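Participant: Note that our numbering has the sequence shown beginning at 23, numbered continuously upward.
Keep in mind the hints are simulated off the structure, nothing from the lab.
Each hint should be verified, as a subset may be incorrect.
[As the list claims (entries may be wrong)] Simulated crosslink set (DSBU-like; lysine-lysine; CA at most 35 Å straight-line): (1) K139 / K128; (2) K118 / K65; (3) K56 / K128.
[Claimed, not checked] Here are the in silico distance ranges between beta carbons for each label pair: (4) A121 / R79: 27 to 35 Å; (5) H67 / E126: 48 to 56 Å; (6) A132 / E51: 49 to 57 Å; (7) F30 / R141: 42 to 50 Å; (8) F147 / T88: 45 to 53 Å.
Since we're looking at a predicted model, the values are computed, not measured.
Here a beta-carbon is modelled for each residue, glycine too, at the ideal position from N, C-alpha and C.
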Amino acid sequence: MVSRRALFYHLKIGRTFGHLGVPTSRLAEIGWTKLSIIAQHFKGHEEGEDRDALILRALSDAENYTARELPAILNGEPRKPKAHSIHLRLTPRQYKVFAAAMSEFKATPARRGFSDKERAVTVAFTLALKALSAATSKEKTGTQR
């Protein structure tokens, strides 16, 4: 037996894509989450060839973008660059050094760590790289004392 919620979900997808002649295998490959995002985006658009062409284009977009990226793409917004996560396991001594550096570079202590730490880390690393580069160039030119 299909739940009431699942039934409405299938109806929404069927109403949006059923008349387009898109193979069910393609729809299955795209996935329910992305299909739901597209259906919600086109809810309220007037029926017609223009709408159908836009839905087909949205299906192509869904094949090339993640579910997180898709709403912005459908709204014509630029694609946001993907963020990278870094997970550090620090000893208490290492964390003390890290916390001091974060404070030095204006990260704000927060409930679970620091806020604005990304900017602080970037500034700290940029300065460290410049210092290393300057030291390396002094060594190469023989101006080290």
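Participant: If a hint holds in the structure, say so; if it doesn't, say that too.
Facilitator: Going through the hints against the structure:
1. For a cut-off of 35 Å, the pair hint linking K139 to K128 stands: about 8 Å separates their Cα positions.
2. For the suggested pair K118 and K65, the alpha carbons sit about 53 Å apart, so the restraint of at most 35 Å is broken.
3. Between K56 and K128 the CA atoms are separated by roughly 40 Å; this puts the pair beyond 35 Å, and the hint is violated.
4. The supplied range of 27 to 35 Å is broken by A121 and R79, whose beta-carbon atoms lie about 49 Å from each other.
5. Checked against the hint of 48 to 56 Å, the C-beta distance between H67 and E126 comes to roughly 53 Å, which is consistent with it.
6. Checking the proposed 49 to 57 Å range against A132 and E51 shows it is violated: the Cβ atoms sit about 41 Å from each other.
7. A hinted range of 42 to 50 Å holds for the C-beta pair F30 and R141, which are about 44 Å apart.
8. Taken as a hint, the range 45 to 53 Å is violated for the pair F147 and T88, whose Cβ atoms sit roughly 28 Å apart.
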